[in-house]
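Enquirer: Sequence:
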Amino acid sequence: ARAICDATGMPAVADDTGLEVDALDGAPGVHTARYAGENATYADNRAKMLEALRGVDALRRTARFRTVAFVAYPDGTERWAEGVCEGVIAEHERGARGFGYDAVFAPRDGNGLTFAEMSLEEKHALGHRGRAFRALAEVLRR
Numbered sequence: 001a002r003a004i005c006d007a008t009g010m011p012a013v014a015d016d017t018g019l020e021v022d023a024l025d026g027a028p029g030v031h032t033a034r035y036a037g038e039n040a041t042y043a044d045n046r047a048k049m050l051e052a053l054r055g056v057d058a059l060r061r062t063a064r065f066r067t068v069a070f071v072a073y074p075d076g077t078e079r080w081a082e083g084v085c086e087g088v089i090a091e092h093e094r095g096a097r098g099f100g101y102d103a104v105f106a107p108r109d110g111n112g113l114t115f116a117e118m119s120l121e122e123k124h125a126l127g128h129r130g131r132a133f134r135a136l137a138e139v140l141r142r
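Counted from 1, the sequence shown has number 124 at position 124 by the working numbering; the numbering is strictly sequential.
In short, the hints are calculated from the structure, not lab data. Hints should not be assumed to be uniformly reliable.
[What the hints assert, rightly or not] Cβ-Cβ distance ranges computed for the label pairs, FRET-style:
#1 Asp25 x Pro74: 36 to 42 Å
#2 Asn39 x Leu59: 18 to 24 Å
#3 Asn111 x Arg34: 29 to 35 Å
#4 Asp6 x Gly112: 41 to 47 Å
#5 Gly130 x Val30: 20 to 26 Å
Predicted, not measured: the structure shown is a model, and the values here were computed from it. By construction, the Cβ of each residue, glycine as well, lies at the ideal position given by its N, Cα and C atoms.
Input sequences plus hints: build the corresponding full structure.
Expert: Below, the structure written as structure tokens:
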């Protein structure tokens, strides 16, 4: 966001998300998009995660998505907010919607559904990115 803001002279917004899996000591974390390698697909990343968690008890499959939403202004001001969604990693992929890890992440407040099994409205109401941008909106109102 800062580079775009500096290049254009306009405010710029960016966000980044990581998936933290407790049984994997917080991995993939900052490497979420490249978990299975630099040129890996979302399917590759999910497969690597499910393999790493094979045999891990359901109670130890806790995880969270963490998103930081950020805005940079031309005067150098920067504001940010975080959104976190607690949940678990499912034992296998479920659902056809969404992208990334949606088919394996079931949010705590999602009645056992993965993000990929939810409507877009349900996902945005519970999800980390929606929480981050709602929190950023509150920060900007102050």
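Enquirer: So, for every hint listed, does it hold in this structure?
Expert: Hint-by-hint comparison with the structure:
About 40 Å separates the C-beta atoms of Asp25 and Pro74, a value consistent with the hinted range of 36 to 42 Å. In this structure the supplied range 18 to 24 Å is violated for Asn39 paired with Leu59, their Cβ-Cβ distance being about 34 Å. Here the CB-CB span from Asn111 to Arg34 is close to 31 Å, well matched to the stated 29 to 35 Å. Between Asp6 and Gly112 the CB atoms are about 45 Å apart, so this pair conforms to the stated range of 41 to 47 Å.
Distance hint for Gly130 and Val30: a CB-CB separation of about 21 Å, consistent with the stated range 20 to 26 Å.
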